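Peer 1: Chains A and B supply the protein sequences, listed in that same order.
The letter at position 219 of the first sequence is residue 219 when you use my numbering, and the numbering goes up by one with no holes.
The letter at position 36 of the second sequence is residue 326 when you use my numbering, and the numbering goes up by one with no holes.
Restricting the straight-line Cα-Cα distance to at most 27 angstroms, the calculated cross-link-like pairs of lysine-lysine (DSSO-like) are:
(1) A:Lys290 to B:Lys424
(2) A:Lys134 to B:Lys422
(3) A:Lys58 to B:Lys414
(4) A:Lys290 to B:Lys348
(5) A:Lys134 to B:Lys348
(6) A:Lys58 to B:Lys424
Facing chain A, from chain B, some residues (calculated, C-beta under 8 angstroms):
(7) Arg370
(8) Asn416
(9) Tyr426
(10) Ser436
(11) Ala444
If you are wondering where the hints come from, they were derived from the structure by calculation, not from laboratory data.
Since this is a predicted model, take the numbers as computed values, not measurements.
Here a beta-carbon is modelled for each residue, glycine too, at the ideal position from N, C-alpha and C.
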Amino acid sequence: MKQNLISLALATLLVAPLTHALDLGKLVDELNKNPDLVNAVSGAVQNTIDANRTIGPKEEAAIGDGLAANLLGAAPLVNDAALQRYVNQVGAWVASRSEAPNLSWRFGVIDSPNVNGFATPGGTILITRGLYQKLNDEAELAGVLAHEISHVLLHHHIRAIQAGKGREAMGNALQGFASYKQGDTARQIGANALSGMSEVFVRGLDKDDEYEADIRGMALAARAGYNPYALVSVLQALSAINPADGTVQLMFSTHPAPNDRLNKIDQVVGDKLERYATGAEETQRFYRLK
Amino acid sequence: MKQHWISLALAGLIAAGASWADSGTLIRATPLKQKPLLDAATVSELPANSRLNIVARKGAWMQVKTASGQSGWVKLLNVRTGSAGSGGGGGLGTLGKVITTGSSGTTVTTGVKGLSAEQIENAKPNFAELDKLKQYQVSSGSATSSARQAGLGAQSVPYVAYTRGSASGSNTDATSPMNRRP
Chain A
1 MKQNLISLAL ATLLVAPLTH ALDLGKLVDE LNKNPDLVNA VSGAVQNTID ANRTIGPKEE
61 AAIGDGLAAN LLGAAPLVND AALQRYVNQV GAWVASRSEA PNLSWRFGVI DSPNVNGFAT
121 PGGTILITRG LYQKLNDEAE LAGVLAHEIS HVLLHHHIRA IQAGKGREAM GNALQGFASY
181 KQGDTARQIG ANALSGMSEV FVRGLDKDDE YEADIRGMAL AARAGYNPYA LVSVLQALSA
241 INPADGTVQL MFSTHPAPND RLNKIDQVVG DKLERYATGA EETQRFYRLK
Chain B
291 MKQHWISLAL AGLIAAGASW ADSGTLIRAT PLKQKPLLDA ATVSELPANS RLNIVARKGA
351 WMQVKTASGQ SGWVKLLNVR TGSAGSGGGG GLGTLGKVIT TGSSGTTVTT GVKGLSAEQI
411 ENAKPNFAEL DKLKQYQVSS GSATSSARQA GLGAQSVPYV AYTRGSASGS NTDATSPMNR
471 RP
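Chain B with its partners taken away, still in its complex shape (with noise of 0.2 angstroms):
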């Protein structure tokens, strides 16, 4: 009997190991590499919508565990995680939701504690705090110094260009065959 719970709560640890930020859903078919390189070795290629367990991520690139059990690399982009893939963090529609809680069945309204919308609308300003704020400012020349330190050194980068305007398409069809991407 005691055997039975140990499994019982282990078999619970890992589902709950497995869920949420742990796992993922490829939106579109992907080479699985076995190294985080295009030129890699293909260890498979998979299709659309497959469930994977995230393992580490390195650069543009995310190390996964199939259903399968197959190993290797996917890029990030491929991936979205939330529940099964679908829209995710949700918008306006979530505001004020009421849940009920497990066994207690006692009904609470999220988003009452930390920073609501109705504390920013009743905040007094607060500048004794603004003064600490403006204490911990450091010069672009300290910060330079201090990242070369930890290792950083400057890129020339220029900025991707986004059309504006093109928002309301927010829809787009990423799993399209036309969009497919490796």
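Only chain A is shown next, with the shape it has when bound in the complex (with noise of 0.2 angstroms):
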């Protein structure tokens, strides 16, 4: 089966001169019924099939641990053991109840004064200590880690660096896997395609995309327990923050407005979760940070 699929993109390939655009797609929805077979295919198409084909899952989290040093990169960790413990169990209590609760799930908070919250492809999520100081309570950063988790269950970030700028960057990546030794992928990728491919915290995502992680993300939160409403709370407290506040430039410039993001859960939540809105709000190991 597989010598014979090799074959047909071989043959595709061979052809892709002459009749290049059909060709080229019916080789790219080849390869997305078998990722593993791209390694064996090679050629001078290779950087565009491989920016346009249905990324695995290892190569999904070799990119996302590389998008996450490099956020890091621009802010470490929050040099607090309990604070980055407590946040791993709430997030990878969230992610249990999700559907797909075997991803490996981490979660940091990172030492910027900004708001923000960034999560990267294969489940690595980072908010921004200005975040966090924001919450009032665990429902709220069970909320926020659950609209991140959402991002990561939608695969929004691959995708959006498959259509946007970092397409290009990616391809190059995603080449250079064949040849990675095996072990620790991530840093294989090079500095290079890692900044071309981070380009998509800088741009952000759809407007949609935004919208989707947060009506998931609010169902999500209930399962694990919570008032899925503490989101609603969240985006109050940042639509409050006056937007000539450095601290919110980029969250309000990748993301629409709160008030936008809680006219959509308005519109399309509304009162569906109200039965679990007796959930938890406050717990006693609520990590609270100076």
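Dock chain to chain to rebuild the complex, using the hints, since each chain is given by itself in its own frame.
Peer 2: And the structure:
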């Protein structure tokens, strides 16, 4: 079967120069059915194929690790082990209630006064100290983490990179995968490709991605036993920050305005999750950051 | 004279406390309830655009105090915070905004500190820090028992369906009477 697919792929490659667009599409389809096959194909079109195809879970994890390393290069972890452990306990619990409980979920609070959160493909999620300090209870933290977890579950960042400016950088990174040695593939991606792909955090996702993450995240937080409307309180707090405040500029420029997100939640979720609104809000273990 | 200064300072404090996060605006006409329950007695009917002071939050409800001094509960989603309940946190337009601060008149460009776009663009990957992050990872088993100890219980909750492609219409008029909800 694999042999067959390889010949098909190679045959398609040979005709590619003549009828490139259509056949390339077919080839990409074949590769999507069998991502491993990519390693068997080589040629000048490799880059385009790589940037278009479905990315396998291992590649997603390696790219995600590289992107997380880049964000940590911009702002390191808050030097507070108790905080980091607490955020992992809450995040891993929420993620365990999702459709992908076995992804390698990791959470961290990074040392920046800016208010923002970042999800990277494969399950590494970083929120800033500035955002953490706005949170009043564990349900609000769970709401924020569930939003970021939803971005990971829906592959929003990988798709945005594929569709945007980071596409070529990702093609380069993926092309390298075949030659990477076993082990820490993220380190072998290279700083240039990582920098190119990190552009997604500066340009932001589609508005729909953000609304979808809010709405799915609310149900996910409810599954973990929290009041899902805690996210509404977080968005109301964000909305109250003066947009001219430097700490919210990147977040506001990469997300729909908090009030637009509230309007969307109002319109789509409304009272649909109210039977879960009696869920937990405050917990004794909530970690207050001075 | 001194008395004067103190009252002035107090007035300032009160004004500061009532602004931003602690106040909101109703986006639609809403009953003010005695308790955070739909079938609780109605204190009064509040018109759209009423300004409210936010006292507390519970579940899907917000405890508020009206300008006329009435207290009660309204649904969280009926309230918007931020200046005059308008757009609130703006979008691209606020990037690189230059503001002039108080009496000194110094001009500063906001957004220079913290995790800015430039810092992300110019960042070099820090894999040592990623290794540190990995050390804090917990298994879902550990997280589940920790959650149980914290009093959390799993619920079965279906996702609320969201249709993509409707985002461009985000200027949905929430104040339209067609869209009224208690």
